[in-house]
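Student: Chains as they are written, first to last, in this note's numbering: chain A, 1 to 456; chain B, 1001 to 1510.
Rather than coming from a laboratory, the hints here were simulated on the basis of the structure. Since we're looking at a predicted model, the values are computed, not measured. Hints should not be assumed to be uniformly reliable.
[Unchecked claim] One side only, chain A facing chain B, incomplete, derived with CB under 7 Å:
1) Gly202
2) Gly215
3) Asn220
4) Gly230
5) Arg233
6) Leu237
7) Lys238
8) Gln241
9) Gly244
10) Leu250
11) Glu253
We treat Cβ as the ideally placed atom computed from N, Cα and C, and that holds for glycine.
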Amino acid sequence: MNILHRQLNRRDVLRLGTQATASASLMATLGSLQTAMAASDTTGYKALVCVFLNGGNDSYNWLVPRSTAAYNEYANSRRNLALAKADLLPITPSNTGSALYGLNPACAEMQSLFQAGKAAFVVNTGPLVQPTTLAQYQAESVPLPYQLYSHSDQQALTQTCIANSTERYGWAGRVADLLNSQGFRQPLAMNVSINGNNIYQGGRDTVLYNIGTDGAPQMNIYQDDYYRDGKRRELFLKLLQLSGNDPSLLQKEYAGTLTRSYQTAQTVNMALDSVPALTTRFGSDYLSRQLKMAARLVRARDALGVKRQVFFVQIGGWDFHDALLTAQATKLGELSKALKSFQDALAEIGAENLVTTFVASEFGRTLTSNGDGTDHGWGGHTLVLGGAVQGGKFYGSYPSLAVDGPSDTGRGALLPGTATDQVAATLAQWFGVSNGDLDTVFPNLRNFSQRNLGFV
Amino acid sequence: MQATFGPTLAEVESLQDETSLDAWFDSQRAKPVSLELPYLQQLRADGENVYQNQRMDIWWRNAVGGEDQLRQRMAFALSELFVVSDQSGPLQNDVEGLANYYDLLARNALGNYRTLLKEVTLSVQMGHYLSMLRNQKPDPAAGIRADENFAREVMQLFTIGLVQLNLDGTAKQDANGQPLPTYRQAEIEGLARVFTGFGSQHKTANDPDYQFLYGELDGLKPMEAWQQYHDTDAKVIVGGALIPAGLQAEAELDLALDVLFNHPNVGPFVGRQLIQRLVTSNPTPAYVQRVAATFNDNGMGVRGDLFAVVKAILTDSEARGGPVASPSRFGKIKEPLLRTTHLWRFFSAIGNNGRYDQWNPEYDYGQAPLRSNSVFNFFRPDYRPVGALTNAGLACPECQITNETSITNLTNAMDDVTVSYRWSGGNGRDFYDSHTVVVDYRPWESRTLDANLPAFVDDLNTVFLGGRMSNDYKTALIDYVKTTPAGDGGNRLYDLAHHISSSAQFALQQ
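Could you build the full structure based on these sequences and the hints that come with them?
Tutor: Here you go:
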């Protein structure tokens, strides 16, 4: 791999930002330019943000029915884990008729975003291979997702949106592959993770770029004075170059990451520093810091020379086998405040309509209690936010919460009514993927009649 | 490097023939166990407030200085299999409990897997972490089921995994080529009911309901069985095994653990992961099969003998001949913590205050002992970075915590360890604050004189790169070092140590 033997300066950043084919390493894309028709729309700037709740959010204590019969059904299923009706924060979806709903009391900011039409719920989503009825599930007469209820597998299925495959290319990775195959190029990888490596953003031909919450850490070897006028850096680069002669594929992988990190950090940091700091206040929790970095990168989009970005952020601690009521309230409160700060920051920089955020988790949880918590379920809700979102609505149908009811696969683990593929395809189409290309990215989408859920 | 937290020159030289290798294994097993808990208890007795920081101190101390290197290395590997974490609420302040848990792993690291499995299962820390503690029998009237958390993960992560395995670790497939699952949801629910009725050791006759749920817990003792909260109905668990009705809680737990322990998956499932932790990320099926066979029978009819297993792993022809037989695929990326222990062992590093006050290694290293974000450890055994490794069908677990951000944090940390904090002729220890861990370059200074450099670099090659240093690498290193002032050995040493430790070549273990 070619290594830049010099520091990048501001002019380089700007130049790289406007060149169609910048340095291959900064492209962070692999594979050759193909001559496919550029069917996707990559004009203007758009970004998707995936907020992943690692562990399996208990969706049915997040968004709760308030109509009398539906609430009673909920309370009867949840027993000692039911939230009091009076404590719920009312929301009024514009498309659910007379049915009433409320949010977990920790979600005040989410409530105001929803009521302001800046957020919507896609209810009871989950991995599916094809539309599946309870009878089909019970009879196993249709293909079912692999290894339901396992954290690691359902995280993968949620992030790949190919529920009957053990391949581990994420759907954002496949979108990047598609755009790459259509000739789309920009100086920095489309997929940027602020939470380390993940399945969601890994493509067959494209890699993701990782950044920290404070920016890209720079190697001490950048410091010329400290490093004997660059002589130490020269040796570092020489040894890195020599590693290319060694046969080990694992070492090559490591060297590739080391090279990318070295080559990209200063460029990215200079771009980040070239735009004004955000005045919106973010919390000091990890999710807030990740989302703040996403907002900073959006603000620096022109300096980075990017038109399409997908950000991945994540928080753990959602595996509520124990102490559901208190633990989830803490987590949801953190999430609610962080999302509000993020939307405020986007408004501050005038990018509200350019950025769509979705909040996903590997599975919903059982409606039934295991004492003071819940176990691994299946269907759960996806929250979508942003100026482009047709907010204040529910998409998909809110399921019966009756144990042994029409959606219960057992223990109150609900059969999803909407596939994660449909949610993702809707987001991807907004992002610029053409209707025709959706089937390339989402091979199971053709199994579902509704290809676009219309929330954005 | 496969067997320790980093070899020293003397160790490398003393292990050149098989007799000495055999003797080494036996002597390692016989060495007293380096423990964490007594150290922390002593600090507390001396009036010190004990936090997780001190647990990190003793972990480094045992890794860098413990004479029972093989045992400690296995304990660390097991801590990434039987994961508990101080990131979990109830364990944040349970410093001694976590130290005792680590000691439990160390004590059993060369013992029997079945014993280890039970001690882990009944430990208060695992009870907290996977919510088996105070798990009660179902109460249908209240709509309450048994908690499935431990039942699921003990199978998925600690014993048998998700799919049925051949002895060589490959998945058994159905007629359509799909892997066969090991268990179904109903069997998790059966096993969940086995793990009911374990709680506080503080059993009193009055108000047992309160005592079971809230009674005082001794984190250093196993959870106790409370029969009245145990589900005594019959259960069907993995493979259709029947647990009959009416058993005592602990007898039933033993029966269920026997079923798990005797499942044919355990040998290949656990064996493969231990190979990955110690030797190579992508063992051949034949290698896994040899190790799994040793797990199944140590040669004397004993199943689960971890000493025999680790010896089989480390003395296997693939472990010894891999670099030559398969240089492109063999080996692993070294875990970040182990890169530092490697340097510190060689250069006899310790803090000015006699401590290892590296309290938050997770910031720079992406890992710290018993500090994972979830029971799925810092990385998964089957993690494959997309691109070349996926295309070649190669796993790289440690790559899951290797990215553009972490790799530079780690490279800079290697810089700190080798460059910034050193003890050389020119800089006395007093120069640094008491917490700084300082490497001692003094014994090696004369070897950095121009005439001695080539031989010294050869030794560094042996110790740090396992002899993989190319001539070009050596030349580049020596040529550069010769441009720096001679007679200032400390500076030459940190240049050598820093450049080797920050190179991609050092990140690989072959």
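Student: Each hint should be assessed against the structure and marked as holding or not.
Tutor: Quick rundown of the hints versus the structure:
Because the beta carbon of Gly202/A sits about 4 Å from the nearest beta carbon in chain B, less than 7 Å, this interface hint is met. Given the 7 Å rule on beta carbons, the hint for Gly215/A is violated: about 9 Å separates it from the nearest Cβ of chain B. The interface hint given for Asn220/A holds, since its Cβ lies 5 Å from the closest Cβ of chain B, which is under the 7 Å cut-off. Below 7 Å, beta-carbon pairs count as interface contacts, and Gly230/A has none with chain B, the closest being about 12 Å; its hint is therefore violated.
Hint on Arg233/A is violated. Least Cβ distance to chain B is approximately 11 Å, over the 7 Å limit. Taking 7 Å as the C-beta cut-off, the interface hint given for Leu237/A is violated, the closest approach to chain B being about 10 Å. The criterion of a C-beta within 7 Å of any C-beta in chain B is met by Lys238/A, whose closest approach is roughly 5 Å, and the hint holds. Look at Gln241/A: its Cβ only gets to about 9 Å from chain B, farther than 7 Å, so that hint breaks.
The interface hint given for Gly244/A is broken, as the beta carbon of that residue sits about 9 Å from the closest beta carbon of chain B, more than 7 Å. With a cut of 7 Å, the hint placing Leu250/A at the interface with chain B holds, because the nearest CB-to-CB distance is about 5 Å. This hint holds: Glu253/A has a C-beta 5 Å from the nearest C-beta of chain B, less than the 7 Å allowed.
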